[in-house]
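Q: In case you want the letters, here they are:
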Amino acid sequence: MSASPGSVAEIQALIRSAAAAGTPLIPVGRRSWPGAGGWAPKEGRALDTTPLKRIRHYEPADLTITADAGIGLDELDAGLAENGQWLPIDSPGAGSGTLGAAAATGGFGPLRQRYGATRDNVLGLEVVTGDGRLLRLGGRVVKNVAGYDLVRVFVGSRGSLGVITRVSMRLFPRPEEDRTLIYRVRAERALAMATALRRGHLPVAAVVLGSGGMEGGGGRAATLAARILGGGRGAREITGRVVAALGADPDEALRDEASRRFHDRHRQWEDDARLMVRLRALPDRLDEVVAIAQPVAAAVAGEIAADARNGVVRVKTPAAPAGRDEVVAALAGARGRVEALGGSLALDDAAGELGRRVGWVGRGGGAGGIVRRIKSLFDPHGVLAPRCPE
Amino acid sequence: MIQQSLVRELRAICGSYGVLDDPDALLVYESDALTAYRHRPAAVVLPRTTRETRESVAAIARHGLPIVPRGAGTGLSGGAVALNDAIVVGTARMNRILGIDAPNRRAVLQPGVINAELSVAARRHGLYYAPDPSSQTTCTIGGNVAENSGGPHCLKYGVTSRYVTGLEVVLPDGEVIRIGGQGRDAPGYDLVGLFVGSEGCFGIATEIEVSLLPVPESVRTLLAIFDRIEDAGRAVSEIMSAGMLPAAMEIIDGATIRAVEDSVFAAGYPTDAEAALVIEFDGLEAGLKGDAERARRRCLATGAREVRTAQDEAERAALWKGRKKAFGAMGRIAPDLLVQDATVPRTALPSVLRGISRISARHDLVVANVFHAGDGNLHPNILFDRRDAEELERVERASKEIMRLCVDAGGTITGEHGVGLDKKHHMTLIYGPDELNAMWGIRRVFDPGETMNPGKVLPDETQPVAAAVPA
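Chains as they are written, first to last, in the numbering used here: chain A, 8 to 397; chain B, 15 to 485.
Chain A on its own, in the form it takes in the complex:
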């Protein structure tokens, strides 16, 4: 059962009546972030944000845009491309997601090193809180320190504090050229190459690694993809230095449309996942995190992909994993090892059972009291995505 309110006033009314009746609401966009990391309860009524999808303010020369939360990132991108601009959100699921969901999940992808995470580029939000109040936070200018930064709390709160109805974002010039150098090598070699690129301080926009599945090949070989954005002599120079640092010519050099398609596929890699396991630690521990992820991948018959610059390793499986006890043991063991490195392991589990047995995010930061007080400040009746993991 879901509700599709056609205006902000209807969203407010819906939330107020849900609060009065004590029935939970789950704000949703196109549902491309499956399971929402355990933040959304299984029970509860979906509040569909996609009917609201207008662009409210777009002045290309300001490099900012304000639009309703329900607009798809793909629809937004088409309009931005006409003006040579883009919104470099490449967090997993972003390919098919909405602007509101990108803000609500607050994720990041490989492009973070170059453009910042989503949360760094959200300038303002309009949200309806759990008691039906409409808040206009932040603004549409790129520098703004007026008052406490409530925008930050809502970005990444996964609908647990309010329904995001409108978002203002900072935009960037679309790179003149987009190229990706692809190396198909053994896994150890791919990791060594990623390390060489990190140490070289080269302005490479993204470095992603994958087991064969990422490329659709299915074999045992790994893939390392280095993305270079920009035009002219600068981009050619970086390309030359990447090849020199890696000591080999790429197996394939993708340009522009082909390069974008490669990264779009990578962005959509999670779309068919029933279980996603995200491990992360500092980037120089990538080898160890990959080694920790391998038994998890074996236990769930999953594939591995890594965002080398950000130290993120993901394991996905499109099938619901069998052998629950073994899987629970593998996940718990991996979490213990990655937390010992100072990192974390988080789950997105469409079925929910593993998340409940293993725990969605592991140990919290010791600020549980503050987290609970923030939740009750904005959602005093616990009507929005009530299960808020710490």
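In case anyone wonders, no lab produced these hints; they're calculated from the structure.
All values reported here derive from a predicted model rather than from experimental measurement.
The beta carbon of each residue, even a glycine, is placed where N, CA and C say it ideally should be.
A short, non-exhaustive set of chain A residues, derived as facing chain B with CB atoms under 10 Å:
no.	residue
1	Pro67
2	Ala68
3	Gly123
4	Val149
5	Ala153
6	Thr202
7	Arg285
8	Gly318
9	Gly350
10	Ile381
In silico DMTMM-like cross-links for lysine to aspartate or glutamate, where the CA-CA straight-line distance does not exceed 25 Å:
no.	chain 1	residue 1	chain 2	residue 2
11	B	Lys170	A	Asp263
12	B	Lys338	B	Asp296
13	B	Lys303	A	Asp263
14	B	Lys170	B	Glu327
15	B	Lys170	B	Glu244
16	B	Lys303	A	Glu183
17	B	Lys339	B	Glu288
18	B	Lys170	A	Glu89
19	B	Lys170	A	Glu183
20	A	Lys60	A	Asp84
21	B	Lys170	B	Glu307
22	B	Lys303	A	Glu184
23	B	Lys170	A	Glu244
24	B	Lys170	A	Glu184
25	B	Lys170	A	Asp84
26	B	Lys170	A	Glu66
27	B	Lys303	A	Glu244
28	B	Lys303	B	Glu252
29	A	Lys60	B	Glu449
30	B	Lys335	B	Glu231
31	B	Lys170	A	Asp127
With chain A held as given, fit chain B onto it using these hints.
A: Relative to chain A, chain B alone:
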């Protein structure tokens, strides 16, 4: 008057040099860099460690006195002023860099570390700390965290909050929490992002983890001279629209140019010009020449009378000199200076600049503009003499009109200096009762007793009567 028992208690925690209560010694702490607001604190405590901070905060809380956290006191909003006999907890003695983790481009430090010193230390590893407020040779990273400070190079690299990845915080009741850390990627509410920019109202950061960037291989600096400031504003818009992303774009106006050229800081800018635009690109040497040439052509096309390009580090410093010494030079023109900090959409720059000059003419005031043009972050400086009461009134009226003008253009009341005491009464220009209520609520989440830097950021009259937050 502070109770001697509390002073003794604080001395036992921080050592006898760590507590100041002599009225003369306290004079230094009566204001920050916005000297219009002056209140002498009851005492100043200078802890050296998290433990000393925690114990001092807990002791002061037991005595029911308010606390004002303070870094180097270079803030420009009155945020570090001690109202109502508050006790200042200063971070000056917590000035150690605890570690630089070069492979992960990360540093962990105490809050009293000077901004520029972090970059100096990181440089050995080929890294630097990106946010560069104009006060960077004296301001502290702890103060930058409190204010979410910007700086000229934030155009390309973003402000402080993008670089702070973890915090250890002493809460107003003395509890110590750790938020974020090791890269700030853990799932959950972004408490680090919320704390950054909280202007000392949520607690005192005692350990800060930041991310560092590789030092750019090469830098190109240009200086374009314009006869009309609107043309300089247009050049900025066109350069950005053309897809270039300079590291910095700064404008100083004619009044400021003349102040600089009349001073010991003379930088060789032509005194009959009405605007000077400093543009800087950084990155790989190979790409810079093309960028600089494209920007030069855009400036000439929008009416620049000349464009100079720095050939070496000395010339680069000379081009920047007029911008960097602008505030110092203004001291020659008038004894007092009111620095404003509004941000407007970039495309609104030309019309807002015209509006500011109309307002200053109407009130018979000299306004000198120095600003981060690429970000649309204006710093109109109203020059005056506070001994002239009638002029002071005109300054206040003009200041309010300029603020209103910027808000009406789609902007905000502060881009990087913070609200503090100075701008809290302007908060109602941009936020309604629900937003202000939410901000009071979030303040009470961290500081239920409102003892941490009370009287700042939020206008007193908007304070909700009932406590909005359950324990």
